[in-house]
Amino acid sequence: MKEELFVSGRDIPNIDPYLHIWHWQIPLYLYLGGLAAGILFFAAYYVIKGKEKQMQTTVKWAAIIAPIALVLGLGALFWDLKHKLFFWQLYTTIRFTSPMSWGAWTLMLITPMSIVWVASYMKEMIPGWDWKWNILNRFEAWVIKYRVPFAWVMMVLSVILGVYTGILLSAFNARPLWNSSILGPLFLTSGLSTGLATIIWMSKDNHERKVLTRIDLVLIIVELFLIIHLFMGFLAGSAVKTEAASLFLGGEFTVTFWVFVVLLGLLFPIVLEAFELRGYHVPKWLPPFLILFGGLVLRFVMVEAGQITRFLY
Amino acid sequence: MRYAMAIDTKKCVGCGDCVVACQTENNVPHGYCRDWIVENVSGSYPSVQIELRSERCNHCDNAPCVRCCPTGASHIAEGGIVLVTHDECIGCGACIESCPYDARYPHPEGYVDKCTFCKHRVDKGQNPACVDVCPTNCLHFGDMDDSNSDVSKALKNRKWKVLAPEAGTEPQLYFLT
Chain G
0 MKEELFVSGR DIPNIDPYLH IWHWQIPLYL YLGGLAAGIL FFAAYYVIKG
50 KEKQMQTTVK WAAIIAPIAL VLGLGALFWD LKHKLFFWQL YTTIRFTSPM
100 SWGAWTLMLI TPMSIVWVAS YMKEMIPGWD WKWNILNRFE AWVIKYRVPF
150 AWVMMVLSVI LGVYTGILLS AFNARPLWNS SILGPLFLTS GLSTGLATII
200 WMSKDNHERK VLTRIDLVLI IVELFLIIHL FMGFLAGSAV KTEAASLFLG
250 GEFTVTFWVF VVLLGLLFPI VLEAFELRGY HVPKWLPPFL ILFGGLVLRF
300 VMVEAGQITR FLY
Chain X
0 MRYAMAIDTK KCVGCGDCVV ACQTENNVPH GYCRDWIVEN VSGSYPSVQI
50 ELRSERCNHC DNAPCVRCCP TGASHIAEGG IVLVTHDECI GCGACIESCP
100 YDARYPHPEG YVDKCTFCKH RVDKGQNPAC VDVCPTNCLH FGDMDDSNSD
150 VSKALKNRKW KVLAPEAGTE PQLYFLT
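Here the protein sequences line up with chains G and X, keeping their order. Counting in numbering that gives the first Met the number 0, the first sequence runs from 0 upward without gaps. Counting in numbering that gives the first Met the number 0, the second sequence runs from 0 upward without gaps.
None of these hints come from the bench; they were simulated from the model. Just to be clear, a hint being listed does not mean it is correct.
Stated by the list, open to error - Simulated pairs of lysine to aspartate or glutamate, EDC-like, Cα-Cα distance not exceeding 16 Å:
#  : chain 1 : residue 1 : chain 2 : residue 2
1  : X       : K123      : X       : E77
2  : X       : K9        : X       : D60
3  : X       : K9        : X       : E54
4  : G       : K81       : X       : D112
5  : G       : K81       : X       : E24
6  : X       : K118      : X       : D142
7  : G       : K240      : X       : E165
8  : G       : K81       : X       : E77
9  : G       : K59       : G       : E242
10 : G       : K144      : G       : E51
11 : G       : K144      : G       : E123
12 : G       : K83       : X       : E38
13 : X       : K155      : X       : D144
14 : X       : K123      : X       : D142
15 : X       : K160      : X       : E77
16 : G       : K83       : X       : E54
17 : G       : K52       : G       : D204
18 : G       : K81       : X       : E38
19 : X       : K118      : X       : E24
20 : X       : K152      : X       : D112
21 : G       : K283      : G       : D204
22 : G       : K83       : X       : D142
23 : G       : K52       : G       : E123
24 : X       : K160      : X       : D86
All values reported here derive from a predicted model rather than from experimental measurement.
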């Protein structure tokens, strides 16, 4: 039998023996970013479709969550920076080869847009709301006039944001678990699904809930397919890929991933939502809660496990 | 010009002088290092082999850390040396995640730090500190484009390998085997 032993004199904090440079802030941000992307996507989509009246919660009330999630997520990102006072260097350049760079610019656009979006509905949500200053009222009128083009821009940006939360990880070829192009669509789908779960949780309108639950069912099934494809890619891949997959197939993340993400976060909600659509009574909060929880665990597991995987030499 | 280093794994005794020389020369904070020794024991008794490698940043031709850096703080200087401009670094950690050799670390002051091939010495025509201090002369530094440089001569008649070539980074540390 051939045995190998590596000994290195290094013991750098957060790097040896396993890389752990990104802590809870990054997965939390990826989660909140995806969630906000999901909410904003559907808010914009139903405005473009002209269904503002039928989808009140989606367009107005749930949209309030998006800027809150984005600001919290940005706070987490900022917290994670180790050279904080230099964060503005992000906005002195655009580097197309760095997903983090165009992600930073996307956030720079979509965060204020989401705030403007919510603000433009304040008068409808809270009767008697007044912006006090004339300039704000004029700006509001302008936004309302161009709401559909505004929604188009926001929808495109929300897709970029959702994909970016996955691409951010998959751009790192040095971490085999992340280095899969499936991660972009997987995180987008998961983001859309968690966004929908939030809206469904908030909505009191049965018609709206039914429409959104149907879409959510499709998204969760797509997500399951993407997870299967992810692992097919790993198992058909090189040694570093199969090694990465083994963390989830018998390794230390097996239970966390398959029980909390796949079983409780995806399969169980499918069953519950299907029953709900057939008219059975299901606690209203349960499927959205499970989906939101599963999405959060997915981000944490991927970030934690990815940092352990590496090239073997 | 293309700076590179050849490391003779047959001559290295793993004394760690290169590590200490680097820490002293570059004022590396306590507990951190820009270069390090890897001891790779393989096979099973009685046929056991040992390989000692003095490792550091590979100053890759296709450097993933430079590609992933959102601000351009990580860049490639003259001669292919990969450097970090401290005042442009935001400490996001993307370059640390992107390096297959784990050659970078977050400096306690916040920015990301790594081997510079002792550019401040190389610019004056000197060798990097680790090369000059090595007691077995197992480190060879120089310009790959110059066939008379130390590194070119060291690579001429020896078998060598680079680490994780499948990562596609085109590393510029050559390990003589």
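Evaluated hints:
1. At most 16 Å may separate the alpha-carbon atoms for a hinted pair to count; K123 of chain X and E77 of chain X meet this at roughly 14 Å.
2. Distance hint between K9 of chain X and D60 of chain X is unfulfilled; the C-alpha atoms sit about 26 Å from each other, more than 16 Å.
3. A distance of roughly 14 Å separates the Cα atoms of K9 of chain X and E54 of chain X; the hinted pair therefore holds under the 16 Å criterion.
4. Proposed proximity of K81 of chain G and D112 of chain X is supported: the alpha carbons are some 12 Å apart, at most 16 Å.
5. With a C-alpha separation of about 24 Å, the suggested pairing of K81 of chain G with E24 of chain X is violated against the 16 Å cut-off.
6. With a C-alpha separation of about 13 Å, the suggested pair K118 of chain X and D142 of chain X falls inside the 16 Å cut-off, and the hint holds.
7. Pair hint K240 of chain G plus E165 of chain X holds up; C-alpha atoms about 12 Å apart against a cutoff of 16 Å.
8. Taking the CA atoms of K81 of chain G and E77 of chain X, the gap is about 28 Å. The hint is violated against a cut of 16 Å.
9. Between K59 of chain G and E242 of chain G, the direct Cα distance comes to roughly 46 Å. Violation of the 16 Å bound is thereby established for this hinted pair.
10. The suggested pairing of K144 of chain G with E51 of chain G holds, with an alpha-carbon distance near 14 Å, which does not exceed 16 Å.
11. Annotation: proposed proximity of K144 of chain G to E123 of chain G holds, straight-line Cα distance about 15 Å (limit 16 Å).
12. Distance restraint check for K83 of chain G and E38 of chain X: the Cα-Cα separation of roughly 37 Å exceeds the 16 Å cut-off, and the hinted pair is therefore not satisfied.
13. Annotation: proposed proximity of K155 of chain X to D144 of chain X holds, straight-line Cα distance about 13 Å (limit 16 Å).
14. Restraint check: the Cα-Cα separation between K123 of chain X and D142 of chain X comes to about 14 Å, which is no more than 16 Å; the hinted pair holds.
15. Our distance criterion of 16 Å between C-alpha atoms is broken by K160 of chain X and E77 of chain X, whose separation comes to about 24 Å.
16. For the hint pairing K83 of chain G with E54 of chain X, the CA-to-CA distance comes to about 30 Å; that exceeds 16 Å, so the pair is violated.
17. A threshold of 16 Å between alpha carbons decides the hint, and for K52 of chain G with D204 of chain G the separation of about 11 Å falls inside it, so the pair holds.
18. With a CA separation close to 31 Å, the supplied pair K81 of chain G and E38 of chain X exceeds the 16 Å bound.
19. With a C-alpha separation of about 11 Å, the suggested pairing of K118 of chain X with E24 of chain X holds against the 16 Å cut-off.
20. A distance of roughly 30 Å separates the Cα atoms of K152 of chain X and D112 of chain X; the hinted pair therefore is violated under the 16 Å criterion.
21. Our distance criterion of 16 Å between C-alpha atoms is met by K283 of chain G and D204 of chain G, whose separation comes to about 12 Å.
22. In summary, the hint linking K83 of chain G to D142 of chain X is not supported, as the alpha carbons are separated by about 37 Å, beyond the 16 Å threshold.
23. For a cut-off of 16 Å, the pair hint linking K52 of chain G to E123 of chain G stands: about 11 Å separates their Cα positions.
24. Between K160 of chain X and D86 of chain X the alpha-carbon distance is near 35 Å, which puts this suggested pair outside the 16 Å criterion.
Hint compliance for this structure: hints 2, 5, 8, 9, 12, 15, 16, 18, 20, 22, 24 are not met, and every other hint is.
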